[in-house]
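Visitor: One letter stands for each residue in the lines below.
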Amino acid sequence: MAKQDNAVDLVGLLAAEKQDLAASWVREVQESLGRRVGAAELDRELRELYEALVEALRQGAQDVHAEQMSEVRALLTELSRNRARQGFSPSETAISVFALKTVLEPALRDGSADTVRAYLQLGRILDGLGLFTIETYTQTRDELITAQAEQLLELSTPVVRLWDGVIAVPLVGTLDSARTQVVMEKLLQALVDTGSEQAIIDITGVPAVDTQVAQHLLKTIVAARLMGAECTVSGISPQIAQTIVALGIEFDGIVTKASLADALKLALRRSGVDMVAHAGVQR
Amino acid sequence: MTAPWAAGDDPQVYSVARSADVVQIRQVIRALAQQCRLSLVDQTKMITAASELARNTLTYGGGGTVSAGVVSDASKRGVAAVFEDSGPGIADVDQAMTDGWTSGGGLGLGLSGARRLVDDFRLHTVPGEGTTVTIIKWAR
Amino acid sequence: MSDRIPILRIGDILLVSVQFDLEDQTVLNLQEDLAEQIVAKSAQGVVIDISALEIVDSFVGRMLATVAAISRVLDARTVVVGMRPAVAITLVELGLSLGGVSTALDLEKGLAKLRRPASSASQ
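Protein chains in written order, with this note's numbering: chain A, 1 to 283; chain B, 1001 to 1140; chain C, 2001 to 2123.
Hints are not guaranteed to be accurate.
[To be verified] Computed cross-link-like contacts, DSS-like style, restricted to lysine-lysine with a CA-CA straight-line distance of at most 27 Å:
#1 LYS257/A - LYS186/A
#2 LYS219/A - LYS2109/C
#3 LYS2109/C - LYS265/A
#4 LYS2109/C - LYS186/A
#5 LYS186/A - LYS1076/B
#6 LYS219/A - LYS186/A
#7 LYS219/A - LYS257/A
#8 LYS265/A - LYS186/A
#9 LYS265/A - LYS219/A
#10 LYS2109/C - LYS2041/C
#11 LYS257/A - LYS2109/C
[What the hints assert, rightly or not] Partner residues are not named here, just some residues of chain A that face chain C (Cβ under 10 Å, in silico):
#12 VAL11
#13 ALA52
#14 GLN62
#15 MET184
#16 VAL192
#17 GLY195
#18 THR220
#19 MET227
#20 GLY228
[Said to hold, decoys possible] For each label pair, taking beta carbons as the anchor points, the in silico distance ranges come out as:
#21 GLY1128/B - GLU2032/C: 30 to 38 Å
#22 LYS2041/C - GLN148/A: 57 to 65 Å
#23 VAL2073/C - GLY253/A: 22 to 30 Å
Hints listed in this document are in silico derivations from the structure and should not be mistaken for laboratory results. Please read all numbers here as calculations on a predicted model, not as lab measurements. Glycine included, every Cβ here is placed at the ideal spot set by N, Cα and C.
Throw the hints in and build the complete structure from the sequences for me.
Guide: Written out as structure tokens, the structure is:
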């Protein structure tokens, strides 16, 4: 029954001056977070958490992974996720838990050995909860970053129709292997969807390419040919030209043009469109 | 040689004895790849790799078996297939993995090409005893 | 085991549409039949439609390259039409670029390619 006694001690520590402690806890956290979380919301969050924690300890929970802690973990998960989404730092998030230790410190001043023991044990549990918070926080941030990367990928890879039977992808920014792959798959699918036999990959806005990216470009051009379409690469900067030669990448059989305009001219000629400039038109 | 399966995975075993079995292996792998939600390109790559390896099992290994199923690790799921034969084995693995090298009149792209199409590729061969090739494609 | 894919004739062009996943022997039969039919029907062109195929491995790839080469020897031209994007990406990764094979996006564009003079169609 030692365990049971212990639990009662912990509860005693927390529940004795319940309202008081919870209120100081809210104040402590409020100070560290500034005005970025609404007072009412914070009050509700922490009081719920407090109730759940007391209840879990009453039921004999020994650490953060205990079954009785499931409600506490659920509340903490929600709290950590919200903080992560609102852009708080990991410390600012974890402080919500650790502040409770600070709040409990006065109880030690005139406390017995039992109180100190209870405080230390509760401290260990709170440390565990703090780590749990940071873990959840990190997980949420990772999910956010992945989601944003995917959105960026979508945003940054438009396939545009320049003419009947001519499509182009203007690539802007640094190309990594994953992004190049996505763009290329999109380009090939667009060939089918629009029935285009000419495609232009414009890399005017690309500062540099590495071997892998250059290989992906090459593979795409070969794949397009297998499907019955022709690709032209335009806008190769002097730096990229030097890289391609220095890396020893075979660009044989690949048609390149200096500018998108030149590439479009070629694509139109290949699709049998003649461009005629009329004399007398003012420029 | 460790099998890719963990407890709870439930690989099915198919025999590769006739040319029609290669077609069946392609269908089995397609169903698994769809179940794992592999992207269309990744599905196609995995099925093609399986087709090459099943044909190798038949042509060079004199027939054998394929075990295929879903595998998972901490964060992802994938399709795995193990091609086993008790044929003559491969004397020079480096040579067999070279593009364009063939001992049987093919294009010599089976092994080297299949390796490029999948995420994990393991080859175990003992001359005179047989060859085992394990491939995995993970869902992204 | 001796499945054969029908070969249609439109004027001096032979048309093959592959509609299902092929067994290796069927692939070889098709190659043989096409060589025979090019001579028998004095065909000028061959169109192989693979738009229904979800995969093309090195065996089918080799057949396509061989048929193209055979038809060149027999003074005819072969166009492979309708290869899917995922199939094309996979073939390139596999190491097969089908150098000598003419291609087109769909059947209509393939037939148009055959009607144009040889020099531009070989592109």
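Visitor: Decide, hint by hint, whether the structure agrees.
Guide: Status of each hint after checking the structure:
no., hint, in the structure
1, LYS257/A - LYS186/A, "holds (22 Å)"
2, LYS219/A - LYS2109/C, "holds (23 Å)"
3, LYS2109/C - LYS265/A, "holds (21 Å)"
4, LYS2109/C - LYS186/A, "holds (21 Å)"
5, LYS186/A - LYS1076/B, "holds (24 Å)"
6, LYS219/A - LYS186/A, "holds (14 Å)"
7, LYS219/A - LYS257/A, "holds (18 Å)"
8, LYS265/A - LYS186/A, "holds (23 Å)"
9, LYS265/A - LYS219/A, "holds (24 Å)"
10, LYS2109/C - LYS2041/C, "holds (23 Å)"
11, LYS257/A - LYS2109/C, "holds (26 Å)"
12, VAL11, "violated (62 Å)"
13, ALA52, "violated (51 Å)"
14, GLN62, "violated (54 Å)"
15, MET184, "holds (8 Å)"
16, VAL192, "holds (6 Å)"
17, GLY195, "holds (6 Å)"
18, THR220, "holds (8 Å)"
19, MET227, "holds (5 Å)"
20, GLY228, "holds (4 Å)"
21, GLY1128/B - GLU2032/C: 30 to 38 Å, "holds (36 Å)"
22, LYS2041/C - GLN148/A: 57 to 65 Å, "holds (60 Å)"
23, VAL2073/C - GLY253/A: 22 to 30 Å, "holds (24 Å)"
Checked against the numbered hints above, the structure violates hints 12, 13 and 14; every other hint is satisfied.
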